[in-house]
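Engineer: Starting from the given sequences, assemble the full structure and let the hints guide the process.
Protein sequences appear in the order of chains A and B. In short: position in the first sequence from 1, add 28, done, that's the working numbering. In short: position in the second sequence from 1, add 28, done, that's the working numbering.
Calculated from the structure, these hints are not laboratory results. Errors might be hidden in some of the hints.
Claimed, not checked - Restricting the straight-line Cα-Cα distance to at most 25 Å, the calculated cross-link-like pairs of lysine-lysine (DSS-like) are:
hint: 1; chain 1: B; residue 1: K248; chain 2: A; residue 2: K338
hint: 2; chain 1: A; residue 1: K338; chain 2: B; residue 2: K193
hint: 3; chain 1: B; residue 1: K338; chain 2: A; residue 2: K130
Claimed, not checked - Chain A stretches covered by chain B per the calculated footprint, using a threshold of three residues with CB under 8 Å from any CB of chain B:
hint: 4; stretch: 68-79
hint: 5; stretch: 293-300
hint: 6; stretch: 331-339
Think of the CB as a built atom: it goes at the ideal place given N, C-alpha and C, for glycine as much as any other residue.
Protein chains: 2
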Amino acid sequence: MFERIRTARERLRGHANVTPVMTCRTLDESVGAEVFFKCENLQRAGAFKFRGAFNAISQLTDEQRDRGIITYSSGNHAQAVALVGRLLRVRTTVVMPGNAPKVKRAATEAYGATVIDYDPEKTTREEIANILKTEHGYTIIPPFDHLDIIAGQGTAAFELFEEVKALDMLLVPCGGGGLLSGSAIAAKSIEPTCRVIGIEPELADDATKSFHTKTLHTVKNPPTIADGTRTPSLGELTFPLVLQHVDDMRTVSETAIVEAVQFLFYRMKMVVEPSGALGVAALLSAEVSATGRVGVIISGGNIDGDLMSKILSSGKKRP
Amino acid sequence: MFERIRTARERLRGHANVTPVMTCRTLDESVGAEVFFKCENLQRAGAFKFRGAFNAISQLTDEQRDRGIITYSSGNHAQAVALVGRLLRVRTTVVMPGNAPKVKRAATEAYGATVIDYDPEKTTREEIANILKTEHGYTIIPPFDHLDIIAGQGTAAFELFEEVKALDMLLVPCGGGGLLSGSAIAAKSIEPTCRVIGIEPELADDATKSFHTKTLHTVKNPPTIADGTRTPSLGELTFPLVLQHVDDMRTVSETAIVEAVQFLFYRMKMVVEPSGALGVAALLSAEVSATGRVGVIISGGNIDGDLMSKILSSGKKRP
Chain A
29 MFERIRTARE
39 RLRGHANVTP
49 VMTCRTLDES
59 VGAEVFFKCE
69 NLQRAGAFKF
79 RGAFNAISQL
89 TDEQRDRGII
99 TYSSGNHAQA
109 VALVGRLLRV
119 RTTVVMPGNA
129 PKVKRAATEA
139 YGATVIDYDP
149 EKTTREEIAN
159 ILKTEHGYTI
169 IPPFDHLDII
179 AGQGTAAFEL
189 FEEVKALDML
199 LVPCGGGGLL
209 SGSAIAAKSI
219 EPTCRVIGIE
229 PELADDATKS
239 FHTKTLHTVK
249 NPPTIADGTR
259 TPSLGELTFP
269 LVLQHVDDMR
279 TVSETAIVEA
289 VQFLFYRMKM
299 VVEPSGALGV
309 AALLSAEVSA
319 TGRVGVIISG
329 GNIDGDLMSK
339 ILSSGKKRP
Chain B
29 MFERIRTARE
39 RLRGHANVTP
49 VMTCRTLDES
59 VGAEVFFKCE
69 NLQRAGAFKF
79 RGAFNAISQL
89 TDEQRDRGII
99 TYSSGNHAQA
109 VALVGRLLRV
119 RTTVVMPGNA
129 PKVKRAATEA
139 YGATVIDYDP
149 EKTTREEIAN
159 ILKTEHGYTI
169 IPPFDHLDII
179 AGQGTAAFEL
189 FEEVKALDML
199 LVPCGGGGLL
209 SGSAIAAKSI
219 EPTCRVIGIE
229 PELADDATKS
239 FHTKTLHTVK
249 NPPTIADGTR
259 TPSLGELTFP
269 LVLQHVDDMR
279 TVSETAIVEA
289 VQFLFYRMKM
299 VVEPSGALGV
309 AALLSAEVSA
319 TGRVGVIISG
329 GNIDGDLMSK
339 ILSSGKKRP
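Structural biologist: Shown next, in the form of structure tokens:
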């Protein structure tokens, strides 16, 4: 599987951004470790999702490209697929819940994709995508449970190691587990002693439960502010990969997530969406006690102005 | 004067951040140029001001350091002087208007400086600073009208040229003219054909008027959102330097400034204060028509959550 990540890295060259790695003296002093942020909020389309989407779609045959692609996503994956569809001139359809963040829906449409609404209380996005697939011959580009997607997402951690070399610990947000399993495979292949920890919101702790019990748990539309982690469960591929390659899973409170977004805004001048701030939340709340050299994947930065305003006024934290 | 900038660059090594240079495909496509952002919002204390402050304060004698320093500033210079004071263990006093942004006052105090309020309607900050200087023997570290400050600020443009090499144009925000004159001296010394343009808010266009008429104009507490440019006028040193080294001055509307902050937030995931977004405002509003390789100095990122919320809800621009 590591070979797939290495190949994906070559495939992405010149297409995905090699995102910068940032550091913050204030955070280092406060947590007593040397922290390196891999800034996927500065990836194209604003999140790591571009990596997996490009890796998967660029491998389709001409015939598959001609028929078009479809995906289902609450947001960042949708934008990524829509952008890659535009770049590779593939007609793109996205099934999206009616309550998806406005900024994500608008960006998906701006990239030229057709957005199809659905009511998450009545049906599942997979059902709708499958109907349309059968009708039109679309290829489904799933948000995480696909080896090319997982390999693509793993390239962020791969680049992080290329740049900062040794890491003692790597913190990765977890939704469906594509980023987490890809990152874990990259980290363990490059540096077997690096401890890889997945971070979830307390309110959407299905993967943490699944990890600790070794039995798949699910959640339904969990009310966490971290909308990128509202996926119902790990996937058929990502669950075993997470079990095999990840060292631990931890959860963080909604308050910790809000404070992490505020910290990133005021101290690091970075716009990070709540799901993207999970690793920072784990550090600032001491849910993970960091030592040595710690990598943190900042997974995305697509946040509605309204939500950011709400977060900035929350608790009126001093910067 | 360029030699002073070069020396300042050496003095800052290991103390100031060598801030990253960012690019944005969306902006390049929209303006038809290749734009390089020098991200001084990622400088220590959140703005370019650290450069000048460190360059000046690190040159004080032991006796001067023992007596302490004082400055007057509406914000970013205050934070920078306070931080440098802490780093170099020099007692620091800051005279600040009562209506200064909360985030800037709080950060100044957090760095350990003593903040002294004044009412800008009744007296000037220079008067108060001079009284305290006489009383306590403080050394005044002025916000812009000082050769070591100007040389320190010029190091940002110096670094930008080091990293991106040739530039056809350089856009620099203008308040008191320290950053602008330092940048212009650096640019013209390194690349004489580079066109250096200072950008001001329309509502605080004293430097633009001064530049075009060659007579010093002043403004009093101009109601621009770009609080970093509310300085009354260019200084005794900066005015002639701007006249000598700057090619043109342009102004941008308050709407253009708001839209630039929004663009930087949504598209580049960067937290930039209004004054820091002046160059982007000039590009997006086509006040400056850019061609070739364009450098833009993003001067700072210290913005109140309340102000950012107001900006994000303004016009409800789509990201």
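Engineer: If you look at each residue in the stretch 68-79 of chain A, do at least three have a Cβ nearer than 8 Å to any Cβ of chain B?
Structural biologist: Holds: 4 residues of the stretch 68-79 of chain A have a Cβ under 8 Å from chain B.
Engineer: With a Cβ-Cβ cutoff of 8 Å, does the stretch 293-300 of chain A contain at least three residues near chain B?
Structural biologist: holds (count 7)
Engineer: Quick check: do three or more residues in the stretch 331-339 of chain A have a beta carbon closer than 8 Å to a beta carbon of chain B?
Structural biologist: Result for this restraint: holds, n = 4.
Engineer: Given the hint that B/K338 pairs with A/K130, does the C-alpha gap stay at or below 25 Å?
Structural biologist: holds (18 Å)
Engineer: Are A/K338 and B/K193 close enough, with their CA atoms no more than 25 Å apart?
Structural biologist: The given pair, whose Cα atoms are some 42 Å apart, is violated under the 25 Å limit.
Engineer: Would the hint linking B/K248 and A/K338 be met if the CA-CA limit is 25 Å?
Structural biologist: Not OK: B/K248 and A/K338 at ~34 Å, beyond 25 Å, violated.
Checked against the numbered hints given earlier, the structure breaks hints 1 and 2 and satisfies all the rest.
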